[in-house]
Amino acid sequence: MSIMVYIPTPFRRFAGNQVYVRAEGGTVAEVLESLASQYPPLRNMVYDEMEEIPAHISIYLNKQEVHSLQGKQTPVKDGDELAVIPAIAGGQVLTPEQVERYSRHIIMPQVGPVGQRKLMAAKVLVVGAGGLGGPVALYVALAGVGTIGVVDFDVVDLSNLQRQLLHRNSDVGRLKTESAKDTLNAYNPEVNVVVHNTPLTSDNAMEIIPQYDIIVNGADNFTTRYLVNDASYLAGKPLVDGSILLFDGQAMVYTPETGCYRCLFPSPPPPGLVPSCAEAGVLGALTGVIGSVQAIEVLKLILDIGDSLAGRLLLFDALTMEFRVVNLRRDPKCPLCGDDPTIDKLIDYEGFCGAPFPAHDGA
Amino acid sequence: MTVKVQITANLRDLVNGQRSVQIEGSTVRELLDNLESSYPGFKEKLESNGHIHRFVNIYLNDEDIRFLRQMDTPLSEGDVLSILPALAGGRR
Chain A
36 MSIMVYIPTP FRRFAGNQVY VRAEGGTVAE VLESLASQYP PLRNMVYDEM
86 EEIPAHISIY LNKQEVHSLQ GKQTPVKDGD ELAVIPAIAG GQVLTPEQVE
136 RYSRHIIMPQ VGPVGQRKLM AAKVLVVGAG GLGGPVALYV ALAGVGTIGV
186 VDFDVVDLSN LQRQLLHRNS DVGRLKTESA KDTLNAYNPE VNVVVHNTPL
236 TSDNAMEIIP QYDIIVNGAD NFTTRYLVND ASYLAGKPLV DGSILLFDGQ
286 AMVYTPETGC YRCLFPSPPP PGLVPSCAEA GVLGALTGVI GSVQAIEVLK
336 LILDIGDSLA GRLLLFDALT MEFRVVNLRR DPKCPLCGDD PTIDKLIDYE
386 GFCGAPFPAH DGA
Chain B
3 MTVKVQITAN LRDLVNGQRS VQIEGSTVRE LLDNLESSYP GFKEKLESNG
53 HIHRFVNIYL NDEDIRFLRQ MDTPLSEGDV LSILPALAGG RR
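Line by line, the protein sequences give chains A and B.
Numbering (my numbering) for the first sequence: 36 to 398.
Numbering (my numbering) for the second sequence: 3 to 94.
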């Protein structure tokens, strides 16, 4: 049986710009299969990851929705006309440009058009537009994450350019948030970059953090680290954390059920005991490894695939080129996420850490 | 019992730049005492008054010793001990 299939505008590019194409088959399912094998990119439009017709696609046989007939098993005969109609409302459907841009995602069954739309609907906050925040923000922007918030208050310094890929030579002296926004939008103009040009503090954290789905920590000091940890937990948001120094990197994911930064490190070192990158140095390319790990974890959380680093701590030693994973346990005695918590709102983090929020880069 | 102790980059200065050291000990406490004898000054980076600093974690293989028997955690041949202080870096 050879029948005509009507291709709607958003999908036409995948069918050689034809309005009608011919496909073979004795049932709707066979015709769709014939269509998908002639025009492989269309497969991702008409099937979801379960090889089912996604809910936002309606298939009409001679102007009748096939669910009201016999679904995919509805028989077809010569002269019938099949139409594949996507719901076009609220930007649900990927545009042809989006399908092409994200095609390497969409062809993977773990992502597909449904996963790509999840990425585009997601809101991710990146705290710190520096060494770690850079690769995280860049990769989630390239992946099409719809809204990326960037918190930073600093200006780009020449010494940042050894590793901070959001900023370029001509950005020295500019606000990091502005430079970050320009870079991210230059790579992917579709991304809505929200600039929070302020230090994150106990006063504003519970206004900013609840606006996002996932929080990424790329802070350079313990004071901000504990603040981000507590605020993310109190707001019920997963936190994708990373840190680097010299040749060592650490990455972890905290979810409200699996423990937090306080379970790992109940209190910060006295000021000055653990050096910062500014004091001790860091291999620039290390930020790419740990930042990419954080970006991957963000994307996995959004797509709800794989096993996240929640409950585990990833350790990377660049000198030996070894990755190791150790267990990270929720501490029942944790004052924040334990069985009998004593912290139910943000505290004075400068007092807790014995160190102020940094006033300025290089200070 | 000889146990391999992995040293993170920011503590390597204390052990002449080595990435790991082999140290004797039947418990974590004994091992840290022996580490101190071989490399004076190491222990004070990790503990005060016999308690590990709360910003330092010690892992026996892949488990935090706080969830084992802390300083009394027994060691076996072939174990790997890792000492990990909190790192803050990222933005700057």
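Think of the hints as simulated: they come from the structure by calculation, not from any bench.
Computed from a prediction, not measured in an experiment: that's the story for all the values here.
Built from N, CA and C at the ideal position, the CB exists for glycine as well.
One or more of the hints may lead you astray.
[What the hints assert, rightly or not] Here are a few chain B residues that sit away from chain A, every Cβ distance over 10 Å (derived from the structure): (1) T10; (2) R21; (3) V23; (4) G27; (5) P42; (6) H55; (7) N59; (8) D64; (9) E65; (10) M73; (11) P76; (12) S84; (13) L86; (14) L89.
[To be verified] Below, computed lysine-lysine pairings styled on DSSO-like, alpha-carbon distance capped at 27 Å: (15) B/K47 with B/K6; (16) A/K153 with A/K272; (17) A/K368 with B/K6; (18) B/K45 with A/K368; (19) A/K153 with A/K98; (20) A/K112 with A/K98.
Structure-based check of all given hints:
In this structure B/T10 is not separated from chain A by more than 10 Å, as the shortest Cβ-Cβ distance comes to only about 5 Å. Non-interface call for B/R21 relative to chain A: violated, since the shortest CB-CB distance, roughly 6 Å, does not exceed 10 Å. Every beta carbon of chain A lies more than 10 Å from that of B/V23, the smallest distance being close to 14 Å; the non-interface claim holds. With 10 Å as the threshold on Cβ separation, the claim that B/G27 sits away from chain A holds: the shortest Cβ distance comes to roughly 20 Å.
Residue-level check passed: B/P42 sits 18 Å from the nearest beta carbon of chain A, beyond 10 Å. For B/H55, the requirement that its beta carbon stay farther than 10 Å from each beta carbon of chain A is not met, with the minimum near 7 Å. The non-interface label for B/N59 is inconsistent with chain A: the shortest C-beta to C-beta separation is roughly 7 Å, within 10 Å. For B/D64, the non-interface assignment is contradicted: its Cβ lies about 4 Å from the closest Cβ of chain A, within the 10 Å cut-off.
Taking the minimum C-beta to C-beta distance to chain A, about 6 Å, the non-interface status of B/E65 is violated against the 10 Å cut. Non-interface status of B/M73 relative to chain A is upheld: no Cβ of that chain comes within 10 Å, the nearest being about 16 Å off. Consistency note on B/P76: stated as away from chain A, and its beta-carbon is indeed over 10 Å from all of that chain's, at 18 Å minimum. Not every CB of chain A lies more than 10 Å from the CB of B/S84, the least distance being 7 Å, so the non-interface label is violated.
Separation of B/L86 from chain A is inadequate, the least Cβ-Cβ distance of about 7 Å not exceeding the 10 Å criterion. Look at B/L89: its CB is around 4 Å from the nearest CB on chain A, not clear of 10 Å, so calling it non-interface is violated. Between the alpha carbons of B/K47 and B/K6 the distance comes to roughly 19 Å, so the proposed pair stays at or under 27 Å and holds. About 17 Å separates the Cα atoms of A/K153 and A/K272, which keeps this hinted pair within 27 Å; it holds.
The straight-line distance between the Cα atoms of A/K368 and B/K6 is roughly 30 Å, outside the 27 Å bound, and the hint therefore fails. Using a Cα cut-off of 27 Å, the hinted pair B/K45 and A/K368 holds, with the two alpha carbons roughly 26 Å apart. Distance hint between A/K153 and A/K98 is unfulfilled; the C-alpha atoms sit about 30 Å from each other, more than 27 Å. With a CA separation close to 15 Å, the supplied pair A/K112 and A/K98 stays within the 27 Å bound.
This entry does not satisfy hints 1, 2, 6, 7, 8, 9, 12, 13, 14, 17, 19, going by the numbered hints stated previously.
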